[in-house]
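We have chain D already, so just place chain C on it with the hints.
Chains as they are written, first to last, in the working numbering: chain D, 1 to 247; chain C, 1 to 146.
Worth flagging that the hints you see were computed from the coordinates, not collected in a lab.
Computed cross-link-like contacts, SDA-like style, restricted to lysine to any residue with a CA-CA straight-line distance of at most 20 angstroms:
no., chain 1, residue 1, chain 2, residue 2
1, C, K142, C, P118
2, D, K97, D, K108
3, D, K226, C, F110
4, C, K124, C, R138
5, D, K226, C, D41
6, C, K75, C, C45
7, D, K226, C, E48
8, D, K97, D, E168
9, D, K89, D, V156
10, D, K226, C, G133
11, D, K11, D, Y48
12, C, K87, C, L126
13, C, K91, D, E216
14, D, K226, C, C113
15, C, K91, D, R222
16, D, K226, C, R116
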Amino acid sequence: MSESVRIVEKKSVPSNALMLHGLPDVGLVGLIATSHVIGQLKMDEVAYVDSDLLPPIVVLHEGLPHAPLRIFGNGELIATLGESALPVKAVQPIIRKLVEWGQNKKAKLMISMGGLPTPDRQDIESVKVYGAASMPSLLKTLTDKGIQILHGGFMVGPYALIMRYCAERNVPAVALLAQSFYNYPDPEAAAATIKEFSKLTGLNIDVSKLIEGGEEIRLRARDTMKRTTEELNRMKKTQEYDLPLYV
Amino acid sequence: MYETRRQRRSTFDMIRDLMEDFEILSEELGEAAFFEGPSWDTKSCCIEPLCTVSVTEDEVVITADLPYTDPDTVKVETMGPNRLEIKAEMKRRIRFDEFGITHRQGEFQFFRCINRIPVPVDAKRLKTSFKKGILEVRLPRKKARQ
Numbered sequence: 001m002s003e004s005v006r007i008v009e010k011k012s013v014p015s016n017a018l019m020l021h022g023l024p025d026v027g028l029v030g031l032i033a034t035s036h037v038i039g040q041l042k043m044d045e046v047a048y049v050d051s052d053l054l055p056p057i058v059v060l061h062e063g064l065p066h067a068p069l070r071i072f073g074n075g076e077l078i079a080t081l082g083e084s085a086l087p088v089k090a091v092q093p094i095i096r097k098l099v100e101w102g103q104n105k106k107a108k109l110m111i112s113m114g115g116l117p118t119p120d121r122q123d124i125e126s127v128k129v130y131g132a133a134s135m136p137s138l139l140k141t142l143t144d145k146g147i148q149i150l151h152g153g154f155m156v157g158p159y160a161l162i163m164r165y166c167a168e169r170n171v172p173a174v175a176l177l178a179q180s181f182y183n184y185p186d187p188e189a190a191a192a193t194i195k196e197f198s199k200l201t202g203l204n205i206d207v208s209k210l211i212e213g214g215e216e217i218r219l220r221a222r223d224t225m226k227r228t229t230e231e232l233n234r235m236k237k238t239q240e241y242d243l244p245l246y247v
Numbered sequence: 001m002y003e004t005r006r007q008r009r010s011t012f013d014m015i016r017d018l019m020e021d022f023e024i025l026s027e028e029l030g031e032a033a034f035f036e037g038p039s040w041d042t043k044s045c046c047i048e049p050l051c052t053v054s055v056t057e058d059e060v061v062i063t064a065d066l067p068y069t070d071p072d073t074v075k076v077e078t079m080g081p082n083r084l085e086i087k088a089e090m091k092r093r094i095r096f097d098e099f100g101i102t103h104r105q106g107e108f109q110f111f112r113c114i115n116r117i118p119v120p121v122d123a124k125r126l127k128t129s130f131k132k133g134i135l136e137v138r139l140p141r142k143k144a145r146q
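Same shape as in the complex, but just chain D (with noise of 0.2 angstroms):
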């Protein structure tokens, strides 16, 4: 199923770089993020994903064709970036191609920067980030950063597997999920990601633009989060409310 999934480099791929997921999911949390550190670093498309298991989309940027699952690099971070929801039967091949891919180039760590879908969300006013991780040694490194450890719960959807195989390959990865809506696009939870992925990686991004610009966001994302959402209905993504029968 893995060959159904090609990803095509256009120019030379770091390795030994960090590498961040940046997929559509609850809030978009990951996708206003990465995308936000993509302008920031100022870092280049260098791959796209390729898939008949995706749907026959371009996005146009400047009226030329791009892949709507793209890869950004520079010299020490590569960055996935989905800009339209996966589709359900499409999510297990693809993260399984970019775990392996993302191996094959050495990534020294993966981060997804994600949502964790948190009722009543309008009513926190300090938005909290958790941390899961891939292995015991990556726990300890994100507790000393003062980050909060998912201690127990369900994921599902990218991310989960990003960390399923993550761990089955014995590849280093983190997870960081800020409070967020669950189908309303919200910005707020990615600059708090952002912060607390600057706090880990050493990479100091600057978020006063994204929180100034957090209602434009909003408006820009509504139907991308729309999408995504029936994409997340399908794959039972409310799940994460669950409590777990082990603890």
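What follows is chain C alone, placed relative to chain D:
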């Protein structure tokens, strides 16, 4: 698939299978039967906001994401027993080209949506709040004896 299902003994499993089939069928029918139009209308300068309707034991809660909205302009009205209209005015007009869209003309200044209220409610006791650009409407459910 039939064999797999036959091996399941529990009635709950059979009900779950039927519900899954129904869900898939209704999704397919829905997708095939309706043309999904844009979430905006240039004639009325309206954009449809993202909304959520949830039902608890005591109330129906409807929320809407209304960025750029002046809270004083938000209007919530019931339309008959099972529909609720939300209208709001943005702080400024937004043009298509601000979204990077240059092949369409038009601008927007209003949010408008109509939500279905799934169970009977007492609309007279409707309460609203507006925080961080999120409108929340709470409608107490009518009890059976009402």
